[in-house]
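Residue numbers (UniProt numbering), protein chains in the order written: chain L, 1 to 169; chain D, 1 to 494.
Derived from the structure by calculation, the hints contain no laboratory data.
Given the structure is predicted, the values throughout are model-derived calculations rather than measurements.
One thing to keep in mind: the hints can contain errors.
[To be verified] In the SDA-like style, the derived pairs of lysine to any residue whose C-alpha atoms are separated by at most 25 Å in a straight line are: (1) K30/D to T81/L; (2) K11/L to A69/D; (3) K74/D to K85/D; (4) K85/D to T28/D; (5) K30/D to E106/L; (6) K11/L to I72/D; (7) K58/D to T47/D; (8) K19/L to D35/L; (9) K35/D to Q101/L; (10) K30/D to R98/L; (11) K30/D to K58/D; (12) K33/D to N114/L; (13) K30/D to Q101/L.
[What the hints assert, rightly or not] Covered by chain D, according to a simulated footprint, are these stretches of chain L (three or more residues, beta-carbon under 8 Å): (14) 65-79; (15) 110-122.
C-beta atoms are modelled at their ideal positions from N, C-alpha and C, and glycine is treated no differently.
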Amino acid sequence: MDPNNTSYAVKLYVYDISKGMARQLSPLMLGKQLDGIWHTAIVVHGEEFFYGGEGITNCPPGGTSLGQPNSIIDLGTTEVTEEIFMEYLSSLGESTYRGNQYHLFEWNCNTFSNEVAQFLTGSKIPGHITDLPAEVLSTPFGQALRPLLDSINIAPQGGNTFNGHYGQR
Amino acid sequence: MEDNGGEDPVNNNNNTTVSSEGSIIKVTVKTPKDKEEIAISEDASVTQFKEEISRRFKAKQDQLVLIFAGKILKDGDSLNQHGIKDGLTVHLVIKTAHKAGDGASSSTSCTSQVGSSSGSSSGPSSAAHSSSVGSTGGPVSAPPQTPNILTGFGDLSSLSSMGMGSANFMELQQQMQSQLMSNPEMLSQIMENPLVQNMMSNPDLMRQMIVANPQMQQLMERNPEISHMLNNPELMRQTMELARNPAMMQEMMRNQDRALSNLESIPGGYNALRRMYTDIQEPMFSAARDQFGNNPFSALGGNSDGGVQPSRTENREPLPNPWGPPSSTDPSEGGGGTGTTGSSTAGSTNPSVSNPLAVNSASLGNGMFSSPGMQSLMQQISENPQLMQNMLSAPYMRSMMQSLAQNPDMASQNPASSPSTGTNPAQQLMMQQMLQMFAGGNASSQTPEVQFQQQLEQLGAMGFINREANLQALIATGGDVNAAIERLLGSQPS
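Turn these sequences into a full structure, and let the hints guide you.
If you want it as structure tokens, here you go:
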């Protein structure tokens, strides 16, 4: 590793937004075991970044209303500096990760985490997280709940958004 | 030049020569906004790569930042060195002239807005809001006009502290409001500002501000009493006196609450209270709720445990109960007396605007529902009434609630012991019923006849020979034989 470049640790914070309910109820309701409903966020440069109904948001690590993460996955290190990263996020926030594009199954926090993880380190986030929507949708229950779920935006409170135009709705 | 056929002649216009012409590889270059495939020699250096990219993306080379596998590609490196091969993706960030300032500044703008404006212009605005908050002792209680005032005046204040880029004034106002609401100290500080006090002593100005707000106007239309109140200078002055002196205000509040509870004990008084509440407070609260997440009262520190609150919660009480603990609250009894708040079991939370069900998550149910999952769900639901509404408006939810309400027994045998679901046919049935409903009522795994086979036989043995009717009854009661029998007996002519 070049002595000139500092590398920054990149971690993936994984939260179970069902707080254990999914683990208990999923075999009953879905017919298959899901250990959790995963919400992820990328933690780098001492800040936590995630995507939700309000767009890309950042906060101190573990600072959302979800509290401390269920697990922390080490994604490696990156040389991307904070400045470049912020540029990158601003561009993303204006183009492909605006708040109104949020979709619980198809374009969600995990999609974002995956993309940012690849940008920062070149590696993807664990498959069991990104495969979750497909798993749920493959059950009759998931299919039936789909209209309800389509309308939910997960937006944990406690952060600042990167919408580009502050206050734009 | 010579060998590389129809591919993009990367090295054609370059002065620098490639040491050896390796094969061309196609590398995808991805920016946040789009991506392009760039063909380049695999032995090329990063500089050459950047040249090609700058042409394609129409950006200057020094604006380009290339990232691969977490490393920033420096000009001196070669693509080979980083292991960039055919078909791989390299990330690109194009540095804009004004850097990353936008993102950072807009996120800090709200806080600095609060900071700067709290000095000068927010003084009067918060004065306005607290004056309205101080309700008078008159027969018609002056409900909190908090958010309305601030919005009316807030426009001016944010104008004066402009310079926050593309900040949306409404947003800023709201931010300021919520800051103020959540920080009572700041409020009292502001109150002590002599400028503020000056403002407050001018009733005309106050009145003007209040009336200027469109929400206020609407309210005034609906409730002429409010406009009467506003037009009464004596009353206004008293209100402002109150507002100026927070201690007096608290005293007022307490007196009012005491008066309210006295009213309650007078025969017929409760109804009067209720009427008063629904006429006045409810629209106020809904107006307030739109702007705030929190209860405007909570910032005052008064003892707002008056008799009016339960009348709001008791209507909604049945909702959390179907999931509640088997022993305590019962859906049908939910309505209850005046004194009970939503969660009559352990501990009570004062209902607030954000928590209209007065759901104390901790007290909601034992068994499965004391799991943190359910608690947080309940909390989320209570904090976001919209979510609750969404949930409930789904058709199947309603029918589920209905069937659960019909079968309090079923509800009480809640699936807490989910591992042992198999042993309890009634639970299984309920689950299946739920699934049925979710799936639109038709796609159940078994037909009702098969499901209720056992029960049907039982009923048959007891002498109910009408299989059709039995089946109907069983479906309606969700497989509960006893309840089915009652239904059957009730419907039979003799």
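Verification of the supplied hints:
For the given pair, K30/D sits about 18 Å from T81/L by alpha-carbon distance, which is consistent with the 25 Å threshold. This hinted pair checks out: K11/L and A69/D have alpha carbons roughly 15 Å apart, not beyond 25 Å. Between K74/D and K85/D the CA atoms are separated by roughly 17 Å; this keeps the pair inside 25 Å, and the hint holds. A C-alpha spacing of about 10 Å is found between K85/D and T28/D, which places the hinted pair at or below 25 Å, so the restraint holds.
A threshold of 25 Å between alpha carbons decides the hint, and for K30/D with E106/L the separation of about 20 Å falls inside it, so the pair holds. The suggested pairing of K11/L with I72/D holds, with an alpha-carbon distance near 18 Å, which does not exceed 25 Å. Between the alpha carbons of K58/D and T47/D the distance comes to roughly 16 Å, so the proposed pair stays at or under 25 Å and holds. With a C-alpha separation of about 10 Å, the suggested pair K19/L and D35/L falls inside the 25 Å cut-off, and the hint holds.
As the CA atoms of K35/D and Q101/L are separated by approximately 19 Å, the hinted pair is consistent with the 25 Å bound. Distance hint between K30/D and R98/L is fulfilled; the C-alpha atoms sit about 18 Å from each other, no more than 25 Å. Restraint check: the Cα-Cα separation between K30/D and K58/D comes to about 14 Å, which is no more than 25 Å; the hinted pair holds. Taking the CA atoms of K33/D and N114/L, the gap is near 16 Å; set against the 25 Å cutoff, the hint holds.
Our distance criterion of 25 Å between C-alpha atoms is met by K30/D and Q101/L, whose separation comes to about 20 Å. Using a Cβ-Cβ cut-off of 8 Å, 4 residues of the segment 65-79 of chain L lie near chain D, which meets the minimum of three, so the contact claim holds. Coverage of the segment 110-122 of chain L by chain D holds. Counting CB-CB distances below 8 Å, 5 residues qualify, and the rule asks for three or more.
Violated hints are absent here; each numbered hint is respected by the structure.
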